[in-house]
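Chemist: Here is how the chains run, residue by residue.
Protein chains: 2
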Amino acid sequence: MNSQNGYDIEDLSLGMSASFAKTITEADIVMFAGVSGDNNAIHINEEFASSTAFGGRIAHGILTASVISAAIAGRLPGPGSVYLEQKMRFCAPVRPGDTVHAIVTVKAIEVDRGRVTLDTTCKVAGRPVIEGEAMVRVDSRVKRESRAVAAQARN
Amino acid sequence: MNSQNGYDIEDLSLGMSASFAKTITEADIVMFAGVSGDNNAIHINEEFASSTAFGGRIAHGILTASVISAAIAGRLPGPGSVYLEQKMRFCAPVRPGDTVHAIVTVKAIEVDRGRVTLDTTCKVAGRPVIEGEAMVRVDSRVKRESRAVAAQARN
Chain A
6 MNSQNGYDIE
16 DLSLGMSASF
26 AKTITEADIV
36 MFAGVSGDNN
46 AIHINEEFAS
56 STAFGGRIAH
66 GILTASVISA
76 AIAGRLPGPG
86 SVYLEQKMRF
96 CAPVRPGDTV
106 HAIVTVKAIE
116 VDRGRVTLDT
126 TCKVAGRPVI
136 EGEAMVRVDS
146 RVKRESRAVA
156 AQARN
Chain B
6 MNSQNGYDIE
16 DLSLGMSASF
26 AKTITEADIV
36 MFAGVSGDNN
46 AIHINEEFAS
56 STAFGGRIAH
66 GILTASVISA
76 AIAGRLPGPG
86 SVYLEQKMRF
96 CAPVRPGDTV
106 HAIVTVKAIE
116 VDRGRVTLDT
126 TCKVAGRPVI
136 EGEAMVRVDS
146 RVKRESRAVA
156 AQARN
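For the protein sequence lines, the chains are A and B, in the order given.
If you're matching positions, the first sequence starts at 6 in this note's numbering and goes up one per residue.
If you're matching positions, the second sequence starts at 6 in this note's numbering and goes up one per residue.
Hints are computed from structural coordinates only; laboratory data are not their basis.
The C-beta atom is built at its ideal place from N, Cα and C for all residues, glycine as well.
Mixed in with the good hints there might be a few duds.
[Unchecked claim] Between beta-carbon pairs, the in silico distance windows are:
hint, chain 1, residue 1, chain 2, residue 2, range
1, B, Phe59, A, Thr30, 26 to 34 Å
2, B, Thr30, A, Ser18, 34 to 42 Å
3, B, Thr110, A, Ser151, 40 to 48 Å
Let's have the full structure, built from the sequences with the hints guiding it.
Modeler: Next up, the structure:
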């Protein structure tokens, strides 16, 4: 663990998993429209959205994906990790009131490069709404301790 | 064009490009922390963030990526398109006050499947901060007109 309670690369093993869940409310959709600039009618206009195949407003795909960011930054690998890549496939719509569970699972570890690949899935009521993969940079306890020893030797 | 002023698949050609720009403010970062649940110190704690290699708070990567969503949904292919996939690589940090330009460019068109692949790049002051690719489903004017004719024939 690092000083912020995040995992070091030496703490990780294949198959380790964590999750974070968040209900996507109407307020979240309105605020996300504001921060993104994406004011598409399917997200903010119930009259229009109810006339489409979706039958009502749906959350922005990237709003749902943002719960993955919370799972990675807050749980696994946790604070101190740096987000390098994210791939995602939007499989099903998310509606206001749905609770999104982001599940992240370690699928590859490159100790030398300090990089970890995670499977990233978001589910609503047990059904996938996003499937994808993230790559994250994680610090190394061994390298951090070597840096500290070298710094002491210089003083 | 469809009834919402979005492009049909027949309107698209390789190399077509559009952009949307948004300044990422402190308010955007605070609201994104709320909607995502990602309250990592690097985004919301200036005292901590200024002690790291970043030298201060940075925007969440997925907040920056949300500007791509606005470019796709609002400009190219525009309203009516359905987001299927997004891949992204975070290349450089974005700071409060930076203006993110999301540039989307048509790189492949599958008319039969109604799918378009777009190159998606976000730049700040001309330098890439996100590089990636999106796949989007787009309606077809030809198929829509056939559906209308078939519906009339049934009446």
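Chemist: Each hint should be assessed against the structure and marked as holding or not.
Modeler: Now the hints, each set against the structure:
For Phe59/B and Thr30/A, the Cβ-Cβ distance of about 31 Å falls inside the hinted range of 26 to 34 Å, so the restraint holds. Roughly 40 Å separates the CB atoms of Thr30/B and Ser18/A, a value that falls within the hinted 34 to 42 Å. Evaluation of the 40 to 48 Å hint for Thr110/B and Ser151/A yields a pass: the beta carbon distance comes to about 44 Å.
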